[in-house]
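Got chain W; can you put chain Z on it based on the hints?
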Amino acid sequence: MATTTSTKQRSGLGTSALRPDGIPKVQGRFAFSSDAWADNMLWGATLRSPHPHARIRSIDTSGAFAINGVSAVITADDVPGKLTYGLIASDQPVFARDVVRYVGEPVAAVAADHPETARRALAAINVDYEVLAPLVDAEAAIDGSFPPMHPDGNVIRRQRVIRGDQHFVGDVVVEGTYEIGMQDQAFLGLEAALALPDDDGLGVELFIATQWLHEDQKQIAACLDRPVERVRLTLGGVGGAFGGREDISLQVHCCLLALVTRRPIKMQYGREESFYGHIHRHPAKIFMRHHADRDGTLRRVEARIVLDGGAYASTSSAVLINAVTHVQGPYKCEIATVDGYAVRSNNPPCGAMRGFGVVQACFAHESQMDKLADACGLSPVDIRLKNAMQTGDRLITGQVVESVAPVARCIRETAALPMPEPLPADPDPLLIPGGTGLTARRSNIRRGVGWGVSIKNLMYSEGFDDYAVARCRLADGIATLQFATAEVGQGFVVLAQQIARTVLGVDTVLLEPISTAIGSAGSTSASRQTWMSGGAVDGACRRVREQLFERVADAHGLDPLRLAIDGTDVVDTMGTLRVPVAEASRGVVLDETFSHHHRPTEELDENGQGNCHVAFAFVAHRAVVDVDPELGLVKVVQVATAQDVGRVLNPLAAIGQLEGGIAQGLGLAVMEEIVLQDGKMRNPSFTDYLLPTALDAPTVVATMIEEPEPQAPLGAKGIGEPPCISVTPAIAAAIRAATGKALPRVPVRPQDIVFG
Amino acid sequence: MSNEFYRLTVNGVQHEVRDAWAGESLLYVLRERLGLPGTKGACEQGECGSCTVLMEGEAVCSCLVLAATAVDAEITTVEGLSVDGEPTDVQQSFVDAGGVQCGFCTPGLIVAVHHLLDRNANPSELEIKEAISGNICRCTGYGRIFAAVEQARDQRRATESR
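These protein sequence lines are chains W and Z, in that order.
Numbering of the first sequence is given in my numbering, commencing with residue 329 and proceeding in unit increments.
Numbering of the second sequence is given in my numbering, commencing with residue 93 and proceeding in unit increments.
Chain W with its partners taken away, still in its complex shape (with noise of 0.2 Å):
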């Protein structure tokens, strides 16, 4: 072993190493999308449907190309390629050309010296329609009463699971009906890109915050019927994502206009725009019956799922499968009877959104836990530690559990978290319900607490082979890596830094531009980026760790496998020799690149049985709420969490994570919905769409679990999603315990606690 060891404060791995894009976000010099800018360039902008579904007869550009300072105007007759583009199914129109099938859908796109002329352009276009009736209620889509609304029918998917003892009637039975409104990402940099058309006129350079560039760049070289080669994406600084950048919105629109024009085109939502052009979480209608032991072992769990995916398919039947394979929640279950359906309507599309169809499930599953316990005689906590899952069991599609599951140690560690001090008896206004603006009154306020639990699926499923690549250089002690990975606020940039600086022993890691000039790095979704392009990265700084040894060990006839890195230095750990690796790398460059696969998953069969998923983690939420039932007003006042998370890499960012998950888990839990009407959104804006505030969050006492996970490459498993999983299960239990009411449905409303 080396006799010293370097005492040097560094910033590798297990450290809160701060993120190099710090200081330039607080001094306002970080780039985001909607910052670029290039000479000559023009402003494009999109014209769209006011209908949910109509047919449209004609449309009448010729009123746009009429305005001075209007450069192009373009429809689906202008898509020079696949007129259609989308994740899983390519079945969303890049303009609608028959027919409109949601409000928002785009019809028609313009480039104009100035946003005031585009929005005066757009309003000159003249489109004929003919309102056809809306498909707005999902069972319709089911029982066929409604004709197609699209070519594929109105069901976009089915999928059962089915195991075990199909008659089995447990001692006791709890059941419920449940509803999940629709929850909008509401990342705060609104999409934007700028489209520079190459020289040629053949090719397009696309700046983008988006969360997969190589996903994009394939669907833009279809639409635009250009090779993949001559659509490069760089990404514009993300304003976060959340899932509601993994699908197109105004990719193609910007590139096209770019190619028509030969300018530069920069397009820019609004934020209302911005509402009807990404994809938001499905809003669920779940039926539920559990069946257990008289002593509260769980037994079986009965489901019907129906997800309403709008107009078009996006990730919808991913959603699906992680909705129905997640119905038992992080318990042990033998028998599942489970149907799931994700359906077309004329409602907006839905799609990816942190938790992906295991926010619906865990809302349902932990609703029923609460009711089973009451059933039993069994407090929250116990019911949920006596069915408690471990590693080595089996779930209900038949997939044994690898990862580290320490459920049962997740929920002890939580209820161990010291609780809020109680209300006082004179509080200031600010810190009760409704806070100074509404008028709780401190006699009638109750206190309430509330558990959930959850598991949820890392990376992607169901045979997809889900990789990433990383290219690590080492050069005079100076490390360069180089990945797609998009970079969306989570801090992956960071972790890059500090994994390069623990392999190679190297301070100094330059980041090049993340960008479709390298392999893709998959989506910054499903939890997935510290582990894929984590292990991406890993794998590259370690062969070039291996390169240098190699050169090390030449240099001093050694055998390479005797030597370690100390700190910043080569050393040989059966010997006295320590060489900086910077002396080591001095006048070489060592250049390697690795792709990351994790290992196959397989579909699930007709009756949802297969090992379809890749790895799990676990979280236990306890909320602490005060309600003042006459007002149905509440409060969330503290949340604690234990949270599995493998091994915690960078402390700072990770509690970052829990945090921010749980905030928006509390949106969802007591304000966040999009209202629908006829198809129709009420409220696409901040005014109307009510988002957390610093007023609005809870204190947060987190502990985070570190049993790391052998399958992960650094023993990390993804920690993004499930900080907002169970939080919301938690809060409407503890609604519930401080008002006895039922409320079956969340966003929870103040007339849900007055009058429900």
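Keep in mind that the hints are not guaranteed to be accurate.
Stated by the list, open to error - Residues from chain Z shown here face chain W by an in silico Cβ test under 10 Å; the list is partial:
#1 Gly127
#2 Gly195
#3 Ile228
To be verified - Which chain Z residues stay away from chain W? Per the calculated CB distances, all over 12 Å, these:
#4 Arg99
#5 Ile202
#6 Ala213
#7 Gly226
#8 Arg254
These are computed hints drawn from the structure, not numbers from a lab.
Beta carbons are placed, not taken as given, at the ideal position from N, Cα and C, and that holds for glycine.
Structure of chain Z alone, referenced to chain W:
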């Protein structure tokens, strides 16, 4: 469009805005005409605080201010807070305490926190929460932002008591 021009004083520098449509917001003019994209727009309704700037020392949502009405005001944006490129105490605290994730809300928050600490050197936890409750952050859940503001507050107090 008109051939008129007006002058804006931003971060101590006087700019002429020519040939501008009178309907442009201060946010638009800062970002698109004056080359100061540090101020962000995220809601256009004064709900999210991303576009917060100081006008005559008061924190305002620049999306709600018509640029042409700001001609006589001293305007400070996030770009104008640093001296010689060095981060301010508030800016450094946001980085150190983990208050920055995607960073889109950050410029508005930085301006709002400077405004708070310049008025009230010793804000309580609740005063901090109230002061930044007009700035929406979607990533952090605010916990690390509170920590950042408390760090900046405590550092200022420590410096002053020396």
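Hints versus structure:
| no. | hint | result |
| --- | --- | --- |
| 1 | Gly127 | holds (8 Å) |
| 2 | Gly195 | holds (3 Å) |
| 3 | Ile228 | holds (5 Å) |
| 4 | Arg99 | holds (21 Å) |
| 5 | Ile202 | violated (6 Å) |
| 6 | Ala213 | holds (20 Å) |
| 7 | Gly226 | violated (8 Å) |
| 8 | Arg254 | holds (25 Å) |
Hint compliance for this structure: hints 5 and 7 are broken, all remaining hints hold.
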